[in-house]
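Number of protein chains: 2
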Amino acid sequence: MSIVIGFETLDVRFETSALLDGSDAMNPDPDYSAAYLRVRTDAPDGLEGHSFVFTIGRGNDVQVAAIEALAQRVIGRDVEAILGDLGGFWREFVYDSQLRWLGPEKGVMHMAIGAVVNAFWDLKAKRAGLPLWQLLARMTPEELVALVDFRYLSDALTPEDALAILRAAEPGRAEREAELLATGYPGYTTTPGWLGYSDDKLRRLAREAVDEGFLQIKLKVGDRLEDDLRRLRIARDEVGPDIRIAIDANQRWDRDQAIEWIRALEPFELAWVEEPTSPDDVLAHAAIARAVAPVRIATGEHAMSRVLFKQLLQADAAAIVQIDSTRVAGVNENVAILLLAAKSGIPVCPHAGGVGLCEAVQHFSMFDFVAVSGSRDGRMIEYTKHLHEHFVAPVELVGGRYRAPLTPGAGMEMLADSLSRHRYLP
Amino acid sequence: MSIVIGFETLDVRFETSALLDGSDAMNPDPDYSAAYLRVRTDAPDGLEGHSFVFTIGRGNDVQVAAIEALAQRVIGRDVEAILGDLGGFWREFVYDSQLRWLGPEKGVMHMAIGAVVNAFWDLKAKRAGLPLWQLLARMTPEELVALVDFRYLSDALTPEDALAILRAAEPGRAEREAELLATGYPGYTTTPGWLGYSDDKLRRLAREAVDEGFLQIKLKVGDRLEDDLRRLRIARDEVGPDIRIAIDANQRWDRDQAIEWIRALEPFELAWVEEPTSPDDVLAHAAIARAVAPVRIATGEHAMSRVLFKQLLQADAAAIVQIDSTRVAGVNENVAILLLAAKSGIPVCPHAGGVGLCEAVQHFSMFDFVAVSGSRDGRMIEYTKHLHEHFVAPVELVGGRYRAPLTPGAGMEMLADSLSRHRYLP
Chain C
1 MSIVIGFETL DVRFETSALL DGSDAMNPDP DYSAAYLRVR TDAPDGLEGH SFVFTIGRGN
61 DVQVAAIEAL AQRVIGRDVE AILGDLGGFW REFVYDSQLR WLGPEKGVMH MAIGAVVNAF
121 WDLKAKRAGL PLWQLLARMT PEELVALVDF RYLSDALTPE DALAILRAAE PGRAEREAEL
181 LATGYPGYTT TPGWLGYSDD KLRRLAREAV DEGFLQIKLK VGDRLEDDLR RLRIARDEVG
241 PDIRIAIDAN QRWDRDQAIE WIRALEPFEL AWVEEPTSPD DVLAHAAIAR AVAPVRIATG
301 EHAMSRVLFK QLLQADAAAI VQIDSTRVAG VNENVAILLL AAKSGIPVCP HAGGVGLCEA
361 VQHFSMFDFV AVSGSRDGRM IEYTKHLHEH FVAPVELVGG RYRAPLTPGA GMEMLADSLS
421 RHRYLP
Chain Z
1 MSIVIGFETL DVRFETSALL DGSDAMNPDP DYSAAYLRVR TDAPDGLEGH SFVFTIGRGN
61 DVQVAAIEAL AQRVIGRDVE AILGDLGGFW REFVYDSQLR WLGPEKGVMH MAIGAVVNAF
121 WDLKAKRAGL PLWQLLARMT PEELVALVDF RYLSDALTPE DALAILRAAE PGRAEREAEL
181 LATGYPGYTT TPGWLGYSDD KLRRLAREAV DEGFLQIKLK VGDRLEDDLR RLRIARDEVG
241 PDIRIAIDAN QRWDRDQAIE WIRALEPFEL AWVEEPTSPD DVLAHAAIAR AVAPVRIATG
301 EHAMSRVLFK QLLQADAAAI VQIDSTRVAG VNENVAILLL AAKSGIPVCP HAGGVGLCEA
361 VQHFSMFDFV AVSGSRDGRM IEYTKHLHEH FVAPVELVGG RYRAPLTPGA GMEMLADSLS
421 RHRYLP
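Those sequence lines, one after another, are chains C and Z.
Using the working numbering, you'd call the opening residue of the first sequence number 1 and step up by one each time.
Using the working numbering, you'd call the opening residue of the second sequence number 1 and step up by one each time.
One should not assume that every hint holds.
As the list claims (entries may be wrong) - Covered stretches of chain C, as calculated for chain Z (at least 3 residues, CB under 8 Å): (1) 35-41; (2) 54-66; (3) 85-98; (4) 107-119; (5) 211-220; (6) 254-263.
Said to hold, decoys possible - So the derived label-pair ranges between C-beta atoms look like this: (7) Z:D256 <-> C:E179: 32 to 42 Å; (8) C:I3 <-> Z:L19: 29 to 39 Å; (9) C:G87 <-> Z:A81: 47 to 57 Å; (10) C:I3 <-> Z:G46: 48 to 58 Å; (11) Z:E160 <-> C:L229: 57 to 67 Å; (12) C:G76 <-> Z:R224: 46 to 56 Å.
Derived from the structure by calculation, the hints contain no laboratory data.
Computed from a prediction, not measured in an experiment: that's the story for all the values here.
For glycine and all other residues, C-beta sits at the position ideal for the given N, C-alpha and C.
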């Protein structure tokens, strides 16, 4: 038996705003940041659990404070008991009768729960000597169902439904794992499309994306329609007719404005339109989706919980579900969302970029392919070029495809040197 | 011109869990707490702006940290410029391009914005020598509309709609203000109904509520159906047929379970059923409301933002809107929600209780009566007996009705002695 003997939180920030990397219609100047957590045990293996919540700068200190408040509660706890029942561990935090008031299940406190839960997933995967995707993909359907909390989901997904989905995918697991290891998982790139980039830079990066083998790029839109039209024309000219172009409004529009704007951009054959309006507005997303069909609406990077994803799916408000590794309460909740999406037959194309999100979220898509949806069709993982060099196991892309990571863990561990060099001091 | 010269935050907690005051199906052991903010200026009047976020114990420290992070940004600022444009001040925080990532517009960070905004509303009202309700009720329709952010609301409420509502209520303002000062505003009491109370205590408190003049009481339900049936029978026997009984499930049920449970309790003639399921689940609330009609569904105390209230109203998911003083981002957002409700013709019956929520939220109902909906019909403010003695201007109830407060300010100021005696030291 081993014991949790300590933890450390770190406020880590990168000055990405200086280069307008990551600039969009609502986030003109992000400083990609991580509210970072490292958990230590007294086990002789010396393994640590690492995780973080991604933020974009100011407020990262508050996110750190929330993680710290929760992490204090695991000191002295039995590690094997936690790792043996990560479903119960998740519930313990999410249903804490007093903490719940601060959400419930949303915002700073919910993301902090995610960080704590994910640190133990990282530790569990390291102990198993497996990358997270493989650890999950080797669990039995019953073990996976036990991770998920079905409260508020039962009108869309019951434990029986989840079991049926997972059992149906069981026979082909080994085959798909081999296929994944051989051919990877498709990525698409947002690197060309930041709103702060010049037309020349957009053109050059769009060309590079095609040369690198990406079959889809994404452009930020929503600031000025004439800019969007010009930039889409440049991008389409540059990549040709066969490369897909998605656009991302980052919540910029109101409902009716979204409909009008998307109709104006439709001639460019959009792969999808992302975050047209408030991420919390299920009804507006549904109305937009109906009005602009067959153009497809994508959302999820700011979707706070499985309850919101459930509604987006129930209302046919999203044709593509974009999970994020650190927005919801950790691995368990993302497994729930993968199951909800599989039940609805809707593809999951994760949000990534930022700092470490590519490294983290790839595990969910790969697990989904091997053990949940069983498909890569119409699915891909977002990719941007930023900040991979700070991670112990940076993502590897070959020909526009993510290679399946083999390093044990959840992929969130940063290099000690990067942690200390980019530690934020107010 | 005066300048913000300092602020103080305090972690204030009361050990209410010891007596099971405030116990319900999801919150068995709340310790009513306040993440408290006090803002000082260099003006010779010596007036301070006081506000708080209500929480129920653990996590109050994180809420304090969030308020502190935001409050630092007002040091050195021009007080008159802030007070002269509280709409702009609200936007400055809610649309901070980096902080927005931590919500957007939900949870710890959004409530912290509310605390900062409300401290300045308190100061503005004190400077005007008016209670908040009267300050708001004397603003012009144009000034009130300028407080509200209409982003994401325009599919339900435009600035023109809001102006029309406020102008329609303008002629009767003076008359209704006089009526309010003379006769107060109806309250209802939750004091008898906490789930942790014995049957005898329920019976005694229900009788006392009727004796005190309340025309409605509320019971917590949702733990065990047989208990709910027994407790409702006791309450109905005790109060007779003419007193209304509302019930509150505090998010305990899933959709279909809610429908079944409410149908079982329907014979007791329920005034409303509160928070049947996840506060974020617009679609489930709508489905429940349709299934149990004519029983009315109420929600809002955990509704995170105006965007959620908008959807609840659009989907006919709530027949009663229960605003809370410290859940959303301050006075401005509650004004927006009052306008949304008025547009839909839905009564607002605020959530109160906790610590200081009665003192704070009464201002919104009174402002609503004088200058927005123009009506008290079917409207009332929740009341519980806890902790009023800690406030500079505790609520006064006469015959089950709130007397209109006359003390200048937003009602949130606690006594210095209470603040120091109940300061929480970990």
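Are I3 of chain C and G46 of chain Z spaced within 48 to 58 Å by their CB atoms? Holds, since I3 of chain C and G46 of chain Z (Cβ atoms, about 54 Å apart) stay within the stated range.
According to a criterion of three or more residues whose C-beta lies within less than 8 Å of a C-beta of chain Z, is the stretch 54-66 of chain C covered? holds (count 10)
Supplied distance hint 47 to 57 Å, evaluated on CB atoms of G87 of chain C and A81 of chain Z: Holds, at about 52 Å.
With a C-beta cutoff of 8 Å, work out whether three or more residues of the stretch 254-263 of chain C approach chain Z closely enough for the coverage to hold. holds (count 4)
With respect to the beta-carbon atoms only, verify the hint that I3 of chain C and L19 of chain Z lie 29 to 39 Å apart. Given about 36 Å between the Cβ atoms, the range holds.
Lying within 46 to 56 Å: is that true of the beta-carbon distance G76 of chain C to R224 of chain Z? 35 Å, violated
Consistency of beta-carbon spacing, E179 of chain C to D256 of chain Z, with hint 32 to 42 Å: Check passed, 40 Å falls within 32 to 42 Å.
Just to make sure I understand the rule, a stretch counts as covered if three or more of its residues have a C-beta closer than 8 Å to a C-beta of the chain. Does the stretch 211-220 of chain C meet that for chain Z? violated (count 0)
Given that the stretch 107-119 of chain C was listed as covered by chain Z, double-check it with a C-beta distance under 8 Å for 3 or more residues. holds (count 6)
Annotated coverage of the stretch 85-98 of chain C by chain Z, confirmed only when three residues or more have a Cβ within 8 Å: The restraint on the stretch 85-98 of chain C holds, since 3 of its residues have a Cβ under 8 Å from chain Z and three suffice.
For the hint 57 to 67 Å, verify it against the beta carbon of E160 of chain Z and that of L229 of chain C. This hint is violated: roughly 30 Å between Cβ atoms.
According to a criterion of three or more residues whose C-beta lies within less than 8 Å of a C-beta of chain Z, is the stretch 35-41 of chain C covered? violated (count 0)
When each numbered hint is compared with the structure, violations occur for hints 1, 5, 11, 12.
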